[in-house]
Structures are given as C-alpha cells and as structure tokens.
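Chain residues, written in single-letter form:
2 protein chains.
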Amino acid sequence: MSAEAATALGIGFRVLANAPSDPAAQVVRDIHLGAHDDLDALLAFAQGLTVITFDHEHVPPAYLEQLQALGVAVRPGPAALFHAQDKIHLRRSLNDIGVRSPRWRVVSQLDDLTDFAAEVGWPVVLKTSRGGYDGRGVWVVKSTEQAVEVLAIALAPDAEWLAEEHIDFVQELSAQVARSPHGQAVAYPVARTKQIDGICAEVVAPCPGLAPQRAVQAQEIALRIARDLDVTGMLAVEIFDTGDAFFVNELAMRPHNSGHWSIEGAVTSQFENHLRAVLDLPLGDPHAVAPYAVMVNILGGDADDLYSAYRHVLARDPGIKVHLYGKQVRPGRKLGHVTVIGNDYEQLLARARHAADYFAGVINE
Amino acid sequence: MSAEAATALGIGFRVLANAPSDPAAQVVRDIHLGAHDDLDALLAFAQGLTVITFDHEHVPPAYLEQLQALGVAVRPGPAALFHAQDKIHLRRSLNDIGVRSPRWRVVSQLDDLTDFAAEVGWPVVLKTSRGGYDGRGVWVVKSTEQAVEVLAIALAPDAEWLAEEHIDFVQELSAQVARSPHGQAVAYPVARTKQIDGICAEVVAPCPGLAPQRAVQAQEIALRIARDLDVTGMLAVEIFDTGDAFFVNELAMRPHNSGHWSIEGAVTSQFENHLRAVLDLPLGDPHAVAPYAVMVNILGGDADDLYSAYRHVLARDPGIKVHLYGKQVRPGRKLGHVTVIGNDYEQLLARARHAADYFAGVINE
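Protein chains in written order, with this note's numbering: chain Z, 9 to 373; chain V, 9 to 373.
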C-alpha cells in the first residue's frame, strides 16, 4: 500500500523482502531479498538510498545505528523506534512525559506480581517486553495460579515480564498523527478500533459518538507523544477509553492497520503521509472525505481459493473497496481488508462485515 | 495508474514497455521490454496471460488477431478497437448506429474538399484517418489556400484524409462508461474538458451547469456506443456540446486523461473499473465522492528539475493530490497531473491550475 502511494508521488521506492512471494515483492519493481535481522542484507539494501523506513518494528536497534553510520537517514530514528520495540521503555517514557498509561511494574518473580495485583486488583495483564504483536506475548491473568503458568513460559534473552493494570475500557481508539523531521505534524480523525483475540478486526473513523473535545484530547496526546519521543513518519497511539479517561496502551511508528481506512476515507492516506513525513516533504491533508469510513479485515477461512468470494463480493456491493495482499490463505491470517465510506456507520459496518465474512467463508449468501 | 489499481485488487499485472525508463517500467514488477508493433515481442509478452488490454490504440489490428488466435482474450477486441484506430471507420459506424457526429467526407483531392466546404461552410477540419493523437494529425483549415498546404502533407500508407464540419461548440464533454464482456455497464458523471493546442489541459467533473437531463443524454450516447460497438473496458466519448446538441468527436477505449479525476473523485476509479471490466469482474460504483473534482495536467516547462516545485506545491496546498509519472521533463510534455476535490469548482480550478502552473514554471509565487 505504501508502494501505491510512492508510485503516485513519483518517489523511488525499494523494499527489503524475505521472499519473492511476500506481498510487496509481488508488486514492487525494486526488491532486495533478505531478512530484516541480517546486517549484511540491510547494508546491501541501504546502498544508494536516501531514507529508510519500516512496516514493522523488528529491525534490531544496533543495526539501525549501523545504517545511520552509513549516512542513510533512518526514520523514525532508533531512539524513537525503541519505544515501539520495548514495552518497558515505552512505559517509562510515557511516565516521564506525563502521558497516562495503565499502572505497570516490571516483574521478575511471582511475588512481584502478587504484590502488584494486591495494589491494582485482578485481573492483571502480563506482557513480554519485546517481540509480541497481534496479541501474541500478552496474557490476561485472573489469579495467582494463572500467573504461575504464564511466568513459566520461557522469555527471549532480551525480554522481561511487564505487568499492567487491566483497564475496563468501553472502547479502544487509535489516534494517528504524521510528523516530519522539521517538526510539522498533522492529526487524523480519531478512529474506533475493535480487536478480536488481540487482532484488529474493524475500524470506524471517526469514532462514533466521541465528543469533539475528547477527540481533540486524544489527538493532543498523539501529537505530544510524537513530539516528545521525536517520532518521524506515522504514529498510531492505541488508547483505552473508559468513557471519562484515556489510557495509552501501545504505539506503532508506521502505517498501521487502524489507518487503512484513510486510503479511501481521507484526502491524504496514512501511506502517503508516512512517505511525505520520512522524506521531510510537506504533509498532506488528513481530513476525511466522507462522514464515516469503515474498514474490516479479511481473515483467512477454510477455503483456500478467494476468487469466487471475490466475484460475489464485488457483485453484491459495487461501492465496497477490496484490498487483497496476495497472501496464501491460512485460517485466521490477515489476507486483505475492505473499506466503505458514507453517511451511516452502522450500515457501512454491516456492508463491510458481510464482505469480510464472505471472504472468510463464515457466510455464503 | 492501472498498476496501482491492480495492486489493490490483488490482480497479477504485466506491462509491455519500450524501455526501462518508461513510467510503468519504473514501478511495475512484471515488465517485458519490447515494442507494441513488434509481433514477436507481443507473442512473447502474451505467454501465460489471461487478458490483454491497452493504454493506447496503436497495436496493429492484425497483431491483435494473432494474439486472440493464441487463446488470449484481447479486450477491447480488435473489431471494437478499430473504431479508435481509424477515424473514417468510426464515422461510418456512428452513422450506422444513429449517433450524431459532425458531417464528414473522405477526401482524396482538393476538389472533394472544396465541394464539402461549399456544403458545410468554412472552416473545415482536416484529419488523417489514422495515427494522430493529442492534436497531431488534425488541422482547422479556413480557406482553399490553407487546404492546399495541408493536403500536400504526405499521408502514412494506410491513412486517408477525412474532412469534417467544424462544430462551433460552447464546451467539450467527456462521457465515460465501463462495459464488461457479459454486458454490464456503468456510466461516470459527465466531465467538462478543456483542450489547449489539442492537448487535454483540465477537467471538471461533473460538468458545471450541465442540465441533468442533458447529462443523462450524454451518458446514454456513451452507453449506446459501448453496446453497439461491443466495447469492453473503459470507453471515453469526446463530445462537442453546442448548448442544445451533442456531436460525438472521438473515442478512446482505455482509461483516458479525462477520467484521471476519478482516482480521488469517484468511489471506483476508471483504472480499477477498466481492470474489472476487461477481466469480466463485476463493475464498481462510478459515483463521485465529492460535489466536484478538478484535474489539471502538469506540462513540462523550461526547468528540468521538478523537486523544488514539488516541495512548494505540497506545502502551499495540503489538499492537492499530485501524480507524477517519472518522465524526463520536456517543454509541453505531460509529466503528471494534480487533482483536488471539494464543493466550489472555481476555487478548485484556481488551486489546481496554480499547482500545475508552478510545476511548469509559468508562475513562481
């Protein structure tokens, strides 16, 4: 999706891909094959580039510094990106800049955790400080017995256990901003996200019923984090909304699933603004082009052929926008998404869910 | 721009390009190098493809038939496409199906032309029946003396002279439709186009002030042509509007410059609907997402570096959408376009013209 934006902008675009079958490798002209944690591959990839950016957080920080030493701009920079790589570091920095998060504690043994639970109450959220994504590396534990089980899981060598207060939220929000090295920033409409089993399932932008002054408050939180952590490019701030308070959960410093709606729903998509930001070009207008945009992810079902579903979905709803990523079907895998824009978000949700469910084989009418 | 649509739809996409520096060859993964009038290149290109379509009309009809004989679907088919290749054939077919065109006559010598001018009045439009585009191969002649000069120009071996009545239009329109092999068709809002020196300069969609019943009449003309000439894919019908009558000028059977506005301005762009149509997939919604969309072409000026203009244009108007094609700058060459959507088409025109003029170096503030 970034490549589509780069093509329109006339920006040269190279992608490091693991294999020729990777989604980006199927459609981008200038592909280097290699792993994101292979320094030699990274150094070869970087030759001749002006700016390097990311679609995930997993490049080792030390390697990013070596790329910088080569004279290539790395955006976001390693220091900023580390907040998206290490959840303990993120919690410390959010405390330092005065942004409210769930209460948290680094726990190295069961006693630490039971002390913490005595303070904040059960359930407690246990997270590995590094390496989790899409719900992996996160457990909600309701008792000492469950905690014992989770803490018995082997941690990666560089990871620790982070315990967090469980926030009883009414909804989850995503506040996205783009920020450029020279300090320009723009804020997208705050979106409502719904996770199922830790995976983003659907997004409505803007969040229905969110009071305008609370939406601005969420945007201000994201703008403050972007500035204080020196983020460049897109920043997505995941927020728990209890109805009267916001708690920042996690950050993503890249185009994020919660902003896919912006391809059709905003004047300038998150993909275009990420490129403009990391290239230090003036940023584009993040405003919505319709009252609502709804995005629902297409997850793999049991059928491994999407084509008949594809024909049905296109025929049933000419206004639906289908994005397929060229991935092999596996149950539960994100294979693409659908977006629809219009006036009535509940109708839009019904249309988008129907399309996604049809792709997944959950319904067949 | 078709590649961007193919990527989103997850459609495999191969392009035949003349050189690695061609705009498409810079961004599309699956490129074959070769000329569109080299049969061997075409046959090699076609291996493994399901459908072949076009971004211009210049592949020789006999070669298209050889591709069909290979078992590849060619859409639009050679018989339909011939109407966009040969202007005399087009005039005959439009007469046959009862669509009004300017009065016309094939002229082989000066006497034919002066007879025709005596009938329809000067000026007369002289065209080569084949090979012209962007205003080339078209002359408006006001006298016998001028006609002598033009008729002295050597014609290509397969071309003839076509004389046409000069229509005193108040505006030019583009009526675009998409039609699929199974006969589904959709009509886009009718756009107003402005040509300068025979080159499309700017487009406003929908055409301001066009009465709804006349807009429908123009759409019906395009739908009739698509059906009766068995067009598949996008069809653009260029129409002279005298204020009370429509005269069909020329056809394009592909995504057309007059429809670039649809990338941002319509639910489904002309590029996506062209792909959906030639693949016989259900067509997407052609409706506008905003009251007006305005597109202005970026033409090359004297400066050969676009980058400083690029920064200025993006900074001055965050809502402008810039599309650059990766071409070397040459004065007068189409290098890209800008699109802007909103409520007030005169303001939109002012913004888009300013951006294009700035790229061209016509203004510098």
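Please note that a few of the clues may not be correct.
Okay, the calculated beta carbon distance ranges per label pair [what the hints assert, rightly or not]: (1) D48(V) with H40(Z): 25 to 35 Å; (2) Q203(V) with E228(Z): 46 to 56 Å; (3) E168(V) with A358(Z): 56 to 66 Å; (4) P339(V) with D313(Z): 43 to 53 Å; (5) I105(V) with G217(Z): 51 to 61 Å; (6) A219(V) with E354(Z): 34 to 44 Å; (7) T58(Z) with N26(V): 45 to 55 Å; (8) V178(Z) with G79(V): 55 to 65 Å.
These aren't lab readings, by the way, just hints derived from the structure by calculation.
Each residue gets a CB set at the ideal place from its N, CA and C atoms; glycine is no exception.
Evaluation of the provided hints:
1. D48(V) with H40(Z): 25 to 35 Å: holds, 32 Å
2. Q203(V) with E228(Z): 46 to 56 Å: At 49 Å between Cβs, range holds.
3. E168(V) with A358(Z): 56 to 66 Å: holds, 58 Å
4. P339(V) with D313(Z): 43 to 53 Å: holds, 51 Å
5. I105(V) with G217(Z): 51 to 61 Å: Roughly 55 Å apart at Cβ, these two residues keep to the hinted range, so it holds.
6. A219(V) with E354(Z): 34 to 44 Å: Since A219(V) and E354(Z) have Cβ atoms about 36 Å apart, the given range 34 to 44 Å holds.
7. T58(Z) with N26(V): 45 to 55 Å: Violated, at about 28 Å.
8. V178(Z) with G79(V): 55 to 65 Å: holds, 59 Å
The structure shown violates just one earlier hint, number 7.
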